[in-house]
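**Q** Given only the sequences and the hints, what does the whole structure look like? Please build it.
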Amino acid sequence: MKQVLALAVGMSILAIPALAQEEPVLNIYNWSDYIAEDTISNFEAQTGIKVNYDVFDGNEVLEAKMLTGSSGYDVVVPTNNFLERQIQAGIYMELDASKLPNLKNMDPAIMTTLAISDPGNTHAIVYMWGTTGMGYSAKAIAERMPDAPSDSWDMIFDPEIAKNFADCGITMLDAPAEVMSAALNYLGLDPLSEDEGDLQKATDLVLSVRPYIRYFHSSQYISDLANGDICLSLGWSGDIFIAQARAVEAANGVEVVYVIPKEGAQVWTDNMAIPKDAPHPDNAHKFINYIMEPEVVAAISDYVFYANGNAASTPLIDPAVTGDPAIYPPDDVKAKLFAIKSHSPAYDRLLTRAWTRIKTGQ
Amino acid sequence: MTLMDSLAADSRPWAFLRRLLAKAGLSGRGLVIAAPMLWLLVFFLVPFLVVTKIALSELVIASPPYAPMIEWTKGGELIVKLNFGNFQFLFSEPLYLNAYLGSIKFAAISTLIALLIAYPMAYLIARSGERTRNVLLMLVILPFWTSFLLRVYAWIGFLKGNGVVNNVLMSVGIIHDPIVMLQTDFAVYLGIVYTYLPFMILPLYANLVKLEDDLLEASADLGARPFMTFLTITLPLSLPGIIAGSMLVFIPAVGEFVIPALLGGPDTLMIGRILWDEFFSNRDWPVASSVAIIMVVALVFPIMIMRSAQDRMEEKAK
Amino acid sequence: MAQAQKQKHAADTRPWRDPNAIPFVRIEAVSKRFPNGVLAVDQVSLDIYKGELFCLLGGSGSGKSTLLRMLAGFEAPTGGKILIDGEDMAGVAPYNRPVNMMFQSYALFPHMSVEANIAYGLKRDGMAANDIRSRVEELLNLVHLPGYEKRKPGQLSGGQRQRVALARSLAKKPKLLLLDEPLGALDKKLRERTQYELVKIQEQTGVTFIVVTHDQEEAMSLATRIGVMDTGIIAQIGEPNEIYEFPNSRYVAGFIGNVNMFEGVVTEDEPDHVRIRCAETVNDILVPHGVSCAPDQTLWYAIRPEKLQISRERPEGDANFAYGLVDEVVYLGDLSVYYIVLESGMRIQATKPNIDRWDEENIRWDEHIYVTWEGAAGAVLTS
Chain G
0 MKQVLALAVG MSILAIPALA QEEPVLNIYN WSDYIAEDTI SNFEAQTGIK
50 VNYDVFDGNE VLEAKMLTGS SGYDVVVPTN NFLERQIQAG IYMELDASKL
100 PNLKNMDPAI MTTLAISDPG NTHAIVYMWG TTGMGYSAKA IAERMPDAPS
150 DSWDMIFDPE IAKNFADCGI TMLDAPAEVM SAALNYLGLD PLSEDEGDLQ
200 KATDLVLSVR PYIRYFHSSQ YISDLANGDI CLSLGWSGDI FIAQARAVEA
250 ANGVEVVYVI PKEGAQVWTD NMAIPKDAPH PDNAHKFINY IMEPEVVAAI
300 SDYVFYANGN AASTPLIDPA VTGDPAIYPP DDVKAKLFAI KSHSPAYDRL
350 LTRAWTRIKT GQ
Chain D
0 MTLMDSLAAD SRPWAFLRRL LAKAGLSGRG LVIAAPMLWL LVFFLVPFLV
50 VTKIALSELV IASPPYAPMI EWTKGGELIV KLNFGNFQFL FSEPLYLNAY
100 LGSIKFAAIS TLIALLIAYP MAYLIARSGE RTRNVLLMLV ILPFWTSFLL
150 RVYAWIGFLK GNGVVNNVLM SVGIIHDPIV MLQTDFAVYL GIVYTYLPFM
200 ILPLYANLVK LEDDLLEASA DLGARPFMTF LTITLPLSLP GIIAGSMLVF
250 IPAVGEFVIP ALLGGPDTLM IGRILWDEFF SNRDWPVASS VAIIMVVALV
300 FPIMIMRSAQ DRMEEKAK
Chain V
0 MAQAQKQKHA ADTRPWRDPN AIPFVRIEAV SKRFPNGVLA VDQVSLDIYK
50 GELFCLLGGS GSGKSTLLRM LAGFEAPTGG KILIDGEDMA GVAPYNRPVN
100 MMFQSYALFP HMSVEANIAY GLKRDGMAAN DIRSRVEELL NLVHLPGYEK
150 RKPGQLSGGQ RQRVALARSL AKKPKLLLLD EPLGALDKKL RERTQYELVK
200 IQEQTGVTFI VVTHDQEEAM SLATRIGVMD TGIIAQIGEP NEIYEFPNSR
250 YVAGFIGNVN MFEGVVTEDE PDHVRIRCAE TVNDILVPHG VSCAPDQTLW
300 YAIRPEKLQI SRERPEGDAN FAYGLVDEVV YLGDLSVYYI VLESGMRIQA
350 TKPNIDRWDE ENIRWDEHIY VTWEGAAGAV LTS
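Protein sequences, first through last, are from chains G, D and V.
Numbered per numbering that gives the first Met the number 0, the first sequence finishes at 361, counting up by one with no gaps.
Numbered per numbering that gives the first Met the number 0, the second sequence finishes at 317, counting up by one with no gaps.
Numbered per numbering that gives the first Met the number 0, the third sequence finishes at 382, counting up by one with no gaps.
Keep in mind that the hints were calculated from the coordinates and are not lab data.
There's no promise every hint is true.
As the list claims (entries may be wrong) - Listed below are the simulated DSSO-like cross-link pairs for lysine-lysine, each with C-alpha atoms no more than 30 Å apart in a straight line: (1) G:333 - G:64; (2) V:199 - D:209; (3) G:49 - G:335; (4) D:209 - V:151; (5) G:275 - D:80; (6) D:209 - G:275.
Every value quoted in this text rests on a predicted model; they were computed, and no experiment measured them.
**A** In structure tokens:
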């Protein structure tokens with residue numbers, strides 16, 4: 000018994016300098032299909048830190064883990080509106096700028112967008128950003144409506160037009176804040192409005208096209224769009240690009256197109272943050288700084304078809320990506336993009352209720 | 000007990016343990032009863048109390064996202080806050096009532112369909128020869144060897160617009176445009192019935208296999224045609240099996256989330272999805288917990304009623 | 000007592016002795032081969048007359064239950080014909096036969112009251128509720144269970160259940176009642192009393208009974224006639240005393256009662272007597288009547304223990320006795336059983352009624368004695 004005790008004491012003495020140095024481990028929780036194939040292995044090779052890489056496919060799942068606490072993760076990647084509330088809940092630590100020399104590479108414009116959710120950019124760094132727009136199957140739309148206004152939200156929000164596509168399948172994200180802000184924007188209202196009357200108008204708008212909507216889901220539309228099981232989706236830019244690529248791979252005659260509608264669309268950012276109870280905060284800083292290397296993040300953008308928030312990387316990215324106005328929109332389109340904030344809990348409740356009513360068609 | 004016996008007893012390793020437990024007032028029988036009680040306590044009662052606690056808390060933006068129920072103030076006061084607002088809210092919103100009713104409707108209809116399909120199957124298995132019976136039972140249980148999720152995904156492959164069923168029907172020329180089967184109530188019923196069918200078949204089989212041929216022959220002998228024999232003998236005697244199987248299907252079906260989420264349409268209103276939305280989308284843990292508590296309470300009553308009906312039935316059969 | 004009464008009744012009407020009588024149940028060369036190839040019943044022919052209490056007696060696997068189930072309609076014969084009251088039963092479902100059955104397990108419906116059990120068949124016939132009630136009452140009186148209407152089978156004793164089963168099977172006034180081991184599940188004492196009641200009920204109702212049993216005592220005391228079955232065939236049909244005193248084969252002789260069986264060869268084959276040389280008795284066996292057999296044929300002489308006398312004196316003559324040592328004496332009260340080892344080493348048994356309360360002269364264990372018998376007291380068997 001004494002021996003065991005002595006051993007334990009000895010180990011704890013050894014552990015103290017090790018703690019100061021941190022064991023060479025890093026636990027990352029990121030979206031699925033959201034990193035280049037060699038990013039992690041390169042980081043491990045460069046730093047000698049062993050990375051445990053887990054993935055999720057919804058902010059809700061991430062949030063539930065974060066709110067429960069003691070997740071064990073060192074770096075997580077929430078979307079801006081979720082990040083905002085999570086910062087309010089006190090989940091994330093403030094970043095140590097001294098350990099992030101590559102901050103200088105970041106695009107000030109996109110970091111300002113993020114500042115709506117994270118004032119002063121103290122808690123998070125933009126990883127990728129994109130828009131919430133429309134994806135459609137060109138052939139299916141043309142067959143049903145040759146003169147379809149495919150650059151406009153009319154496709155989804157005008158019942159007279161949407162009904163043409165009901166038989167081939169319209170889908171929406173199961174994300175109330177994103178869909179409702181798009182609806183508010185389409186109605187010419189403030190997409191960030193928390194006014195109950197505005198919410199009612201947006202609800203009525205979505206309900207007016209509700210009969211033509213096949214389902215509300217935040218990931219299933221990727222494969223369905225690629226397979227031609229559906230033809231029109233309100234979805235995230237990157238997801239629709241994935242669907243595009245899959246359709247090309249499958250050579251099934253489906254041509255998926257992504258547009259940022261002319262009325263304007265929501266811009267969102269996925270951001271790297273460090274939980275307060277992260278076991279390896281130093282390694283986490285190292286990783287975030289590593290991602291901010293222009294070459295590293297450029298490779299990721301090439302792979303995942305998302306714009307990143309790193310200005311210095313833009314010249315290094317494949318021109319096919321940077322040249323695509325759907326990924327890197329021109330300035331006039333950019334002017335119409337808007338970011339969303341998290342809502343007050345009271346409004347959140349109203350929003351969820353309205354959303355459930357919409358989904359169930361009641 | 001002679002000295003030798005007690006020495007022999009002492010040499011057994013468990014004798015010491017038994018004496019120790021006896022000193023603590025625990026007999027072997029006590030332990031046998033205590034084990035399942037402990038199980039229920041740890042895996043049912045404690046989680047239930049935790050959920051109840053959350054249901055009675057207030058929503059806050061924090062981690063965890065609800066206010067503590069018990070607080071020590073600096074002045075040394077103990078403050079216990081019980082917030083019944085969440086329950087009030089559930090009763091004030093027709094949505095929740097509709098969701099409960101929707102769940103019960105889905106579960107009840109699925110249970111009925113499962114019963115109608117399972118009964119002849121269980122009957123056939125119970126009436127077949129021993130070897131055939133074992134093979135058939137194996138076939139019933141076989142799907143459990145693959146993941147439940149995988150099997151539900153397989154149904155997606157069958158039912159979707161360009162899935163197996165539509166492709167076959169179209170290639171044969173029965174239909175020209177694909178039928179929308181996925182994301183409909185039909186798909187949910189199909190999924191629930193398919194998934195829970197074994198839970199209906201097995202208790203029915205266990206009951207029907209005990210049904211003695213003599214009773215059926217006696218009924219025929221006394222002038223009852225086969226259908227009358229079924230109505231007056233087989234059916235009433237298999238009621239305990241029907242009740243057991245129905246409970247095993249109905250109860251999990253009420254709280255089912257995965258099947259309506261994957262196969263159902265957006266208007267498939269079931270309490271499991273509402274719960275998911277409250278917890279994940281709305282991050283309103285207190286309301287989500289209240290939904291769960293009411294579901295448990297709402298389910299406990301039918302279970303109790305069915306159990307007592309079953310007990311009466313067994314009493315009768317004696 | 001019961002036996003005496005029944006015998007008298009049987010003596011009054013013995014239609015099987017009347018060549019012009021029309022049988023009520025006619026079984027013609029009926030066979031049953033099961034799908035697994037087992038031939039359970041092999042070309043059985045049997046006539047049963049109205050009002051009979053016929054016992055099918057046999058061990059397990061003799062085919063008696065299969066024959067009964069074919070009469071009830073639960074099994075279809077694979078050959079032959081069954082006529083009940085002149086009607087061919089081929090293709091007639093159990094629920095359409097004028098036959099009821101009392102099951103060995105009683106097969107009472109556990110979820111129904113005694114009343115509902117008895118009324119079950121009547122309800123199927125669409126009898127009016129009032130008539131059903133009075134019929135149930137009548138039957139419960141018949142089986143001495145009045146007032147038991149509301150009980151469940153689970154609340155009855157074995158004997159009571161047996162009587163409810165009987166009442167239920169009689170409810171529809173069947174022309175023919177089949178009883179499968181009706182007393183098999185009862186203990187010995189109850190069985191004796193129930194035997195008596197069963198016979199009485201049969202006489203009261205006048206229903207033709209066919210009883211399957213493996214218990215030879217039961218068959219002897221119940222039956223007007225017995226059919227002894229052995230591996231699918233009927234070995235012998237006859238009245239109980241015929242079967243006992245004049246068995247036609249070693250199987251029948253051995254199946255009913257105790258018997259000493261001597262194997263021998265015919266040495267004198269005359270119309271008025273037969274002499275059998277038997278190594279087991281040492282001395283010859285002389286039978287005072289003719290036997291149809293070939294010279295030098297091996298045959299068997301079966302004699303019941305009560306037909307043997309024992310004495311210390313050597314009997315007159317050169318035949319029908321044997322010499323041996325008393326190996327064991329079992330005192331049974333009314334009689335004593337002597338187990339005797341003959342010179343040849345064969346062990347036989349003889350019984351002697353204990354006429355005197357105390358007999359100092361009684362033959363005891365370890366004595367050498369002579370066993371003698373009347374030549375006509377045994378049966379000569381060729382198979």
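**Q** For each hint, tell me whether it holds in the structure or not.
**A** Comparing the hints with the structure gives:
Annotation: proposed proximity of residue 333 (chain G) to residue 64 (chain G) is violated, straight-line Cα distance about 34 Å (limit 30 Å). The suggested pairing of residue 199 (chain V) with residue 209 (chain D) is violated, with an alpha-carbon distance near 36 Å, which exceeds 30 Å. Note on residue 49 (chain G) and residue 335 (chain G): the hinted pairing is violated, with a Cα-Cα distance of about 43 Å set against a maximum of 30 Å. Straight-line distance between C-alpha atoms of residue 209 (chain D) and residue 151 (chain V) comes to about 19 Å, which keeps the hinted pair within the 30 Å bound.
A hinted pair counts as satisfied when its Cα atoms are at most 30 Å apart, and residue 275 (chain G) with residue 80 (chain D) qualifies at roughly 28 Å. Between residue 209 (chain D) and residue 275 (chain G), the direct Cα distance comes to roughly 62 Å. Violation of the 30 Å bound is thereby established for this hinted pair.
Hint violations for this structure: numbers 1, 2, 3, 6, all remaining hints satisfied.
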